[in-house]
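Asker: Each chain is listed here by its residues.
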Amino acid sequence: MSSSSSSSSLTCTKLTAWTLTAVFLQILGLSLFVFGFFPIKPTLSGVSGPESYQPPKCDSRQDHIHKTMLPSDQLRSLYKEISRIPSSFDRLILMVVDGLPAEFVLGKDDQPPLKARMEAMPYTQSLLSDGTAIGYHAKAAPPTVTMPRLKAMVSGAIGGFLDVAFNFNTQALLDDNLLGQLNSIGWKMVIHGDETWIKLFPGMFTRHDGVSSFFVKDTVEVDHNVSRHIEAELMDSNWDLLILHYLGLDHVGHIGGRNSVLMTPKLKEMDEVIKRIHLTISDDHHGQTLLVVVSDHGMTDSGNHGGSSYEETDSLALFIGLGYKAPDYASATCNAVFQVDIAATLALLFGVPIPKNNVGVVIAETFNSLTEDHQLRALELNSWQLLRLLRAQLPGLLCGASSCNEFNYARNLDISEFKGSVEEYLYCIFLKAASLHDYWRSMKGQSVRSNSSNDFHDTVAAYNKFLRTSSEWLSRTATNKPLGLLAFGVATMLISSVMFLSIQFWLNKEVHIRQRQYLPVSDKYSYNWHLDDSFVLLMILFLVFSMGSSSMVEEEQYTLHYMTCTFFLIFLRKSCQSLHGKQSPILFNSNKGRQFNYFRTFSIVLVLIFGRILRGWHQGGVNWVHFPDISKWLEKAGPHTTKSLQMVSGLLVIILSFFSLYMLRIKRMFLLVVQISLLVSGILVLLHIMSYQEQTLTGSSNSSNLVAQTIYTLLIITVMVVVLGSPWVMPVSSSTTYSSAEGPSVTSFLVDQDTWCPFLGLRASLYLIGWTYAVCWCLLQLLLQKPTNAMPTLLLLLQVLASMFYFSIGNPRHKQWVEVAALYFLGLAGHFSLGNTNTLATIDVAGAFIGISSHSTLFSGILMFIITYASPLLCLLSLTIYISMKDMNYLLASQNALFGHILQMMIGIPCVVPLSLNSVILTAFTIILLLMRNHLFVWSVFSPKYLYVCAATVSVYIGLSIVAATVTYTCVVFLFRQNMLNSTGNSSIIRT
Amino acid sequence: MPTTKKKKTTNQASTVGNISVSVSDAFLLHFLSGLGLAVSFWIASNIYSINLISDPIQTLRLLCIIQIPISILLHSIFRHNPKQCSYWKAVVRGVVGLPVGAILMAFGAVVLGAPVGIQFMMKTLYWSFLMSAFTFVPAVCVYGSSWMDWQRLFAYTKPIGVLDYIICIPAHGTLIGAWLGAWPMPLDWERPWQEWPICVSYGAIVGYMVGMVVSMVFVLVLGRGQSHSKRE
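Read top to bottom, the protein sequences are chains A and B.
Residues in the first sequence are numbered from 16 upward in steps of one, following the numbering used here.
Residues in the second sequence are numbered from 3 upward in steps of one, following the numbering used here.
Hints were generated in silico from the structure; no laboratory data involved.
Check each hint, because a few of them may be wrong.
Unchecked claim - Restraint ranges, calculated between C-beta atoms of paired labels, are given here:
1. B:87 with A:673: 48 to 56 Å
2. B:44 with A:552: 19 to 27 Å
3. B:193 with A:146: 44 to 52 Å
The C-beta atom is built at its ideal place from N, Cα and C for all residues, glycine as well.
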């Protein structure tokens, strides 16, 4: 290295250290922000006890009166005595139908449900129309996935957004909840169905038969496993709570959507179950049994869930046999409550304290069969519980002797009109309700009927006002954020982002200096700012600004495709500059260059066309998702078309891999081994597609698992062998046994014939490794992705190849970082063409269980990540091919270049560019999320997108660390071998 | 860079051989093109009482009918090498180049995400003809199939001389305008003008007008510079 450049250069170690520091800072800032932003809900510890039947005091310490643990039967009678509400039911059957939208049973917008749906559930509809059953649209809070929703139902608390991340890692529910309360009064509980319950409440059930919700493609067995117990359980008398959790309907939705052909039979089956239970319990000799049918969440038209659209949050709560008859069909069906209200309602109905962190409000109609006194008592108990929860967040709530005079004049004062703090307002509306209640109680004895009824309604209205207001306030403050932590996190991320950008700037400068040194005529490559460079910046700017608008986030696939395509159109324009050889390269001036220019232009056109096909494959997004696209057409065309497309793509991937490996004309034996193993795994994948994909509807069989597992093993072994072995097998450059005739032919286009490339072996082995990565990744995707996604996988690979071809042959026309950025954006755009969107609903859960015989959260999580981030990771992994194909003669021209410098030049830019682009996007979106924290769509649009951005960051880390490790390892091996060779060569010379 | 230098000299020589384009010519050309646009919009709204939003196909057709002849006939006057190439030859060149440009424009639009389908075919067709009239036809009429000039204008965007500016800047303005005009399309505002190709056409027309104004400014500056140099 000459002194001039080394003075300005940053060494390899320095670069690594800086990059790692920036990465570390980014992770730190990100985790700080995530934990600060996503609410860890403020909870009261402990369990509600007898004190919940007494009004709350100013000081929370005065509340704890009974600290002695009573035995369950005594506790039961104590509750019965002090609650002063007679419990009209002895037993509860909680039937959970996973994913059943309330619309199917109750209709939408005050309209009865579709005729087909009504006919599918004749018994339930008859119950509704004669008033025996009352149904509610129980609005679920996002994220609408099973575990958080179950928690909300039994604890009445709204979980944090991050619960979704733990959905696949169910843990025991430690907060106060309904089941715990029932357990403490000695109830015996039985669960049949989703094993999430068993994980949430370990050891609480006397009998259980759990089914896993993870074999999503099975719609029959999961429900049969529940229903087969019903007969025996209904006869039995040794339970008080029976939970039946049916998963089949959710699975039907995941497979075929709302209007799946399997839906009507499944609804009929559910109706049959309800009929059986209701007929048995109505002439029951075990005591009064209440049947509650609930669903944890709804589903979108395509059958997915997770977001916060009406279709997904529209869950059902159906109370059958309350003893109170709804007057008509409309009043039995057109009711809207919140899902959290179920917990409070059931707790009061069954005479246990309401769970401590409940924010739900008791559903008033369910108490209509009780006397007015008891109804008011229920409201009072609910109010006391909410007051206790409020007191935890507003410490002065019950202590201030605030004057509530205003309330005596204005009857319906809104919170916005009230002059005073929130706590005063809440306390005042509570006091108003309480005083009305006292008044009503005092008047009761004097039996003035007409007045009493009026007073009663006033009291109920006042209580409801307090309950609703405080419930809303509590749900809102569940999202209170520690601003200091957030600011610190954002600042850290900003710093790391700036670090990445400056590293990239240094690297570019360094590369430029090197190129000027080794390429004498490189004015073409000058440090000028070109259109393509500025477009990258423009693109980032546009992307960042577009993420500030919720509909742009929802429709991000358009933005990314548009930008990436424009980017490649700019490349097309640039490649037109060199057509006709007018500006043909001077350095590698050959006839080949001229004809390559047409190929280069053509390859860009191919990238563009493939990109358009990919765009048309999945409509994606939220607003225009119903528009026709290729995948919908394929689904309509039937499985045969899809399957043949899958076969074609599989074959083409294999052929492509053969062709590309054939280009590498050295070490035929080793290549043959690699080819054979790729072929075998390819054939296995095709076999799996051929014979097992249909079986998935009836559950995964052992043999299909075996094949999938064999494929996994084979692919891993192939990759390991190639990565570890090929650097040792490929010829070292200075080897004399290696004749120059077959030498410089890594591929006919890879290396210019005239140029003797000293690092040929290194590049050949990197080329081989890169191809193995790409092909193995594609084969894996062909196995895992939805059947309609096979062709897009192939097209993505072809896109990457075509752009690689464009970048690597001929004279370098773009700065290296622009090329890497183009590949990175290709990956981002491809992410959406595999059917992903920025809502959590489109994550392909079904594919994550291929080849997994026993339920394993870890493995299915990994598979899910692999499926979702197929395209970005493909592009990142193929950076290995890019490094190998990139013409680096300028830096290898000096044989004695330092190892560190070579490494830095090889992996520096390909690694730093995606990192810095990603860090810009991540940081910008973090700031946007912070600004949008009060936006209406923050939980439905921005937060899911943020999770995607975080996962994309992880994918960048993973992909780049694989690339960097591979290249470093290969370089080290080659260096070692060259040194060995030199020393033996020297010794042999000495000997002779 | 010897090659470019050489090219520059040849180009300068060729501009000498051109029909000289004065500032007033350029102004007239742009004025007539703008007038054509104004007239076609006026006819659309007052005679047929249609507009781009309500009847995109008819309006685009009307725009094409008026704008294509204007573009071809006007630009053919300023053809390159007038001695070897008669006026009518240039017109024929423009007529032949029109569909070629339209195909290129349609390709670009579809690749960038324009919807494909029978119900969109006519819209895309008329839109691409209009785009071709704004961008491709002027260059074809003036330069024919001279690849070097095309490359200079569109691949390098290095216009030399008044004529180049007149062709190059409105064409780029049209392209950029159309590109920007597509941005509101995916949004969920549910406005009728978000349909393909309405807002893109608006963007293209606005871009074209802005391009003409900018090119006039350039021509004025350039003309003053040239007169200065002549005086020297």
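Asker: All hints, please: hold or fail.
Answerer: Checked hints:
1. B:87 with A:673: 48 to 56 Å: holds (53 Å)
2. B:44 with A:552: 19 to 27 Å: violated (42 Å)
3. B:193 with A:146: 44 to 52 Å: Check passed, 47 Å falls within 44 to 52 Å.
The structure fails hint 2 only (numbered hints given earlier).
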